[in-house]
Structures are given as C-alpha cells and as structure tokens.
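Order-wise, the sequence lines are chains C and B.
Residue numbering for the first sequence follows our numbering, starting at 14 and increasing by one per position.
Residue numbering for the second sequence follows our numbering, starting at 19 and increasing by one per position.
Among the hints, erroneous ones may be present.
As the list claims (entries may be wrong) - Here are the simulated lysine to aspartate or glutamate pairs, DMTMM-like style, with alpha carbons at most 20 Å apart:
| no. | chain 1 | residue 1 | chain 2 | residue 2 |
| --- | --- | --- | --- | --- |
| 1 | C | K363 | B | D141 |
| 2 | B | K39 | B | D253 |
| 3 | C | K276 | B | E79 |
| 4 | C | K363 | B | E235 |
| 5 | B | K146 | C | E370 |
| 6 | B | K146 | C | D369 |
| 7 | C | K124 | C | D102 |
| 8 | C | K195 | C | D156 |
| 9 | B | K146 | B | E79 |
Claimed, not checked - Derived, one-sided and incomplete: chain C residues facing chain B with beta-carbon distance under 10 Å:
| no. | residue |
| --- | --- |
| 10 | F259 |
| 11 | E261 |
| 12 | T342 |
Hints are computed from structural coordinates only; laboratory data are not their basis.
Glycine included, each C-beta is placed from N, C-alpha and C at the ideal position.
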Amino acid sequence: MTGRSPSIWQSMRAKGYSRRDFIQFCTVAAVTAGLESSALGKVVEAFETKSRPPVVWLHFQECTCCSESFIRSSHPIVADILLDYLSLDYTETLQAAAGHQAEKCLQDTIKNYPGKYILLVEGSVPMKDDGIYCMIGGRSSEDILREAAKDAAAVIAWGSCASNGCIQSAKPNPTNATPIHKIIGKPVINVPGCPPIADVMTGVVTHLLVFGMAPQLDSQGRPKEFYGRRVHDTCYRRPYYDAGLFVETWDDEAARKGYCLYKMGCRGPVTYNACSVTKWNGGVSYPIQSGHGCIGCSENGFWDNGPFYQHLASFPGFGIESTADTIGTVAGIATAAGVTLHAITTNIRKRKLIKDEVAESVETGKKAEGGDK
Amino acid sequence: MTREPEAVYQSPPANHALFRKIYVWELPVRFYHWLNALCVVALILTGLIIGRPLAISYSSEAYQQYWFGWVRFIHFVAAFIFFFNFLARIYWGFVGNEYARWDNFIPFKGVQWREIVEVLKVDILQTKLQKLITIGHNSLAGIIYFMTFLVALFQAITGFALYSSMSASFFPRLFAWIVPLMGGDFAVRQWHHVFMWFFVLFIIVHVYLVFYHDYIEGRGTTSSMVGGWKFQREDELKRK
Chain C
14 MTGRSPSIWQ
24 SMRAKGYSRR
34 DFIQFCTVAA
44 VTAGLESSAL
54 GKVVEAFETK
64 SRPPVVWLHF
74 QECTCCSESF
84 IRSSHPIVAD
94 ILLDYLSLDY
104 TETLQAAAGH
114 QAEKCLQDTI
124 KNYPGKYILL
134 VEGSVPMKDD
144 GIYCMIGGRS
154 SEDILREAAK
164 DAAAVIAWGS
174 CASNGCIQSA
184 KPNPTNATPI
194 HKIIGKPVIN
204 VPGCPPIADV
214 MTGVVTHLLV
224 FGMAPQLDSQ
234 GRPKEFYGRR
244 VHDTCYRRPY
254 YDAGLFVETW
264 DDEAARKGYC
274 LYKMGCRGPV
284 TYNACSVTKW
294 NGGVSYPIQS
304 GHGCIGCSEN
314 GFWDNGPFYQ
324 HLASFPGFGI
334 ESTADTIGTV
344 AGIATAAGVT
354 LHAITTNIRK
364 RKLIKDEVAE
374 SVETGKKAEG
384 GDK
Chain B
19 MTREPEAVYQ
29 SPPANHALFR
39 KIYVWELPVR
49 FYHWLNALCV
59 VALILTGLII
69 GRPLAISYSS
79 EAYQQYWFGW
89 VRFIHFVAAF
99 IFFFNFLARI
109 YWGFVGNEYA
119 RWDNFIPFKG
129 VQWREIVEVL
139 KVDILQTKLQ
149 KLITIGHNSL
159 AGIIYFMTFL
169 VALFQAITGF
179 ALYSSMSASF
189 FPRLFAWIVP
199 LMGGDFAVRQ
209 WHHVFMWFFV
219 LFIIVHVYLV
229 FYHDYIEGRG
239 TTSSMVGGWK
249 FQREDELKRK
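With the rest of the complex left out, here is chain C (with noise of 0.2 Å):
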C-alpha cells in the first residue's frame, strides 16, 4: 500500500503534527466513524500505513450545500486532514485548476487508479432529453458518471439529491432528475440530507479508509450507524411527545417552554438521521433545539410532502389544505346523511306493511276465533 504516495501519518509528520495531534485525530475520527474505543489500534495503523486514496467529486444537480457542510466539520483537524490528506483529484468547486487542466485530472484520476478511487457525487442527474439540463465541459451528467463510477472503488452519494433526487425532482420532475443509485449499477453508499451532516461525511469517509470496505447499509442504501435512528427517538424533546405537550401555535406558551412540535409537522417521529445526536455546526444546535420542527431534509420524497407545518400532508388532487382528515370527515358526513334518507324512505315503506300485518292478523285471529268456537 505505500510507494505511491506517503501516508496521512507521513503527511501530517511532514506538516509539523506531533504524534499527539495524530492520535488525537485518529480518536476523533473513529469517535465520528461511530467505532467502539477498542477499534483505535485499527484507525491508528490504518492512517500509518495506507496512502491517501485519491477522491474524485463530482457536481450535479446541487446546491453545494454538502461541500459546505463538508468543510465545515465539526473537529477542525478532520476536516484538515480529510481535505488536504485525501488525494482530492477532482472537484468542480474546490479545484485550482480549470477548463481542460481540470478535466485532465479527471481523466488521469480514472485512468491511473482504475478500482482505487473513491468516487464522491453530489448532485442527481438529469435524464430527461439527453441530460441537456446539466452539461460539463461538453458532456452530459449521466455519461460523466458512468465513466467515472465504472472503475471506482467505492460511491458515496452525497446528500438527497444524488440520494434521492430532493427538490429538483418534485412533482413533476421537469427534467427527470435521477438519484445516483437508479443509474450505475454498483452498490452506492447513500448519505441523505440537505445537506448531510458534516460529521457523518467525515465519518463515511474515515469508516472508508479505515476498513477499505463500506459500513454497514439499510434497506435504502444508508450507513445504519448514522441512520439507523429517528430523529424522533434521540431527540431532548421526546418526553413531552410521550406526555402529551404539545406546541398547539408557533410561539405559545408551550413553544416557549420547549414542547414536542409534533403539531407544528414535525418531520421527526418518520425522519432517520443523526442530527439530535450529533447536532449541527460542531453540536450547537439542531433544528429542533433551535424550535423549528424537522422537515425530514434526509428522507426520500420530503419535498412533495407538505406543507411542512402540517402533521398531514395535504391530499393530492382536493387543494393545498384539504388533508386526508378533511376529506374523510365530508365522506363520513355524506355517508352518514345518506344513510339517514334510507332510512326515512325504509320507515316510509315499513309503515304500510306494519299496517298491513297487523290488519291481517286481526282479521286471521277473528277467523281464528270464529273457528274455534
């Protein structure tokens, strides 16, 4: 594994870090790679031996809101050294090189380290028309992929729009733009959010080079030690979610002190993702902490199902507010009267027959009688 380029631990000697600063960095990165203390020795001889793998990351469809989120993780010597440590080859927004310079690099990446790379994506592709809609240096999105994800030693897709397409494929998806995972036929290391939380990036990224394997997915394709959870389940608010305190109006007593916002629509109780663990900008905060409910940002389809300040989404096709409730109180309420004017045209009916039967048994129980005697 050496030869070809020097290892972190050589780049960062070479850099003046103390062999403190390394194991402390080897700490914090197998703390956000969710490993147990015991795995330390592996992350420690992982870093000491193995060269930096060269990354390639590419820009789609996308807000780049997952580089910045990238560059802003939370423990600065992570971010350092996962920057300027992984041999980052290719990046559209970060590179100093430009035009066909930058596309030589692509090119040389893919030809000099076929099944070594990892390949990085941000961004979901078009496939509407030929993948006009997201074109560079002359090629199309989807061609750019296939030849890029064809000898990548791993995929990781960043964020909901490679994960699952996010906003720019809401109904109706003017330009058919596809999650990563529908177009190469390679397993894909999925990371939803928008973005995705630095400290799960990084935390991927470090389970990648540690074990030179993915972690542990889903059924959806996401690493289950960073989604494995419901925002709802690890979230400081729970308790009053099970007491029943709910916030009823944005800034209400109940807002102020703090309640579950599950009525406000809260995303959080259908929403898997790290954020009440790990929280944002190096644990500040989150959006439930700050007091705004979860909009469900990682899961797949959440920008089709608002309103976000409904617990309910509204139903498609009876107007913006009309939610499945609205619609099954005016169903149950025309069932109801329906069934009601039945009734009264039954018992209108019922009438003439009771009348009837009993004018017949009076008469059979004369004739009865008459027998009788």
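Chain C is already provided as a structure; the job is to place chain B on it using the hints.
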C-alpha cells in the same frame, strides 16, 4: 308425501309461515366479529388522537404524565390483537361451517354475481325483495367483506412497518421492507391514515345495512351475530 309442484306454489302470508332456526354464525365467528369490532373502534379512536393529539393538561410537567404514551400503547396492543384475530378468522374460513367458508367472500360463480345485482337493487333502489337471499353473507356483503379484509391487511402491514423502527422484536421487523417500497415512513404513515377512513365509512354503512336487511328479510339479521341463529321459512327451505 307428495312433492309440491313448483308452478302452483303459493307462499302463505309472512305472519303465518313456519320458521326454522338455522345455526349460521358459529362461536368463533361471533367472537371474531365482536373482538374485531372492539379493536377497530379502539384503533380508529386512538389513531385519530395519534394523528391529532388533543390539547389537554398543560399545567403539569412531562415527568408527571404519560397519556399520549398510553394512547399509543393501546393502539399497538389493539393492533396486535386485530391482526392475530384476523389470522384466526382466515383459518376458520377453511375449517368453519358453510357460512364461514372462504368462498363466501369471493364471487366465483354466476349465482353470486346475480345475487350481487339483486342486493344492489334492493339496497340502493329499494325494490322489493324478489328472490331469496343467501342465509349467510349475501354475495354483495361477501365481496365487501373481502375488500375489508384486504384493507385490514394493508393497515396491519403498514402499521407494523411503522412500528418496526421502534421495536426490537422480530415480528414487526418482518414488515420493515414496506417502508422503502412505499418511499419512506412519511408515505407509509400517510396511507395508513387515509385507509383508516375506509373503516369509518364501512362502520356507518355496515351497521345501517344490518338494520335494513333485518327489516326487509325478517330473519333476525341483527341478533344473529349475538346468538348465532337466523331464521328461514319452512316453505322457502322446501323450495330450495
């Protein structure tokens, strides 16, 4: 013993006819019915509360109460009972009497389709009952119950899929695959909620039609689900 010819048959007035008791709904069927009714009502009520919690008791702190947790607990317990009760009913559809059999619920035969049309006429156009309707489930009721079974199954599957993320036990985990299939927890919850309304409408129509058929058939439809007995006119039996 001479067989009465069909052509000259004259049915006597209703209040003169002799009726025979027929044991239609066996105990397991009745038990299923009422346990199911209880579960469905409990599930709808708690489900509505879970969908839109009541705004009560803001004077105490979170550690002093757990009412929403209890509502959800009742929902989950009722769901398990509902599901296994449903499975028991399916089993009984293969070993029960002829009125409980599974083929009552799926119209395979022309006779069943003709009866569906007949009952539709009687129920909607309120025409007079011309032919005799099956003493068990009439064919229209049968097919509607079959649809109800499908919706019940859908509710059970989506419900357990939603529950799977909060449970470590193997059974709800069996349904976890539904979530990615339907596009995430949000979509599953949404559809679980939408189909709840099917049961609300079903209850209104079902209860009403039981009363209505009790009147037009005069065979003890309402009480039959308590005691199991229905009544058939002797002469109608002979005619069959």
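A quick look at each hint next to the structure:
no.: 1; hint: C:K363 with B:D141; verdict: holds, 14 Å
no.: 2; hint: B:K39 with B:D253; verdict: holds, 13 Å
no.: 3; hint: C:K276 with B:E79; verdict: holds, 18 Å
no.: 4; hint: C:K363 with B:E235; verdict: holds, 12 Å
no.: 5; hint: B:K146 with C:E370; verdict: holds, 16 Å
no.: 6; hint: B:K146 with C:D369; verdict: holds, 16 Å
no.: 7; hint: C:K124 with C:D102; verdict: holds, 12 Å
no.: 8; hint: C:K195 with C:D156; verdict: holds, 14 Å
no.: 9; hint: B:K146 with B:E79; verdict: violated, 62 Å
no.: 10; hint: F259; verdict: holds, 6 Å
no.: 11; hint: E261; verdict: holds, 5 Å
no.: 12; hint: T342; verdict: holds, 8 Å
The structure fails to meet hint 9 from the earlier list, while all remaining hints are met.
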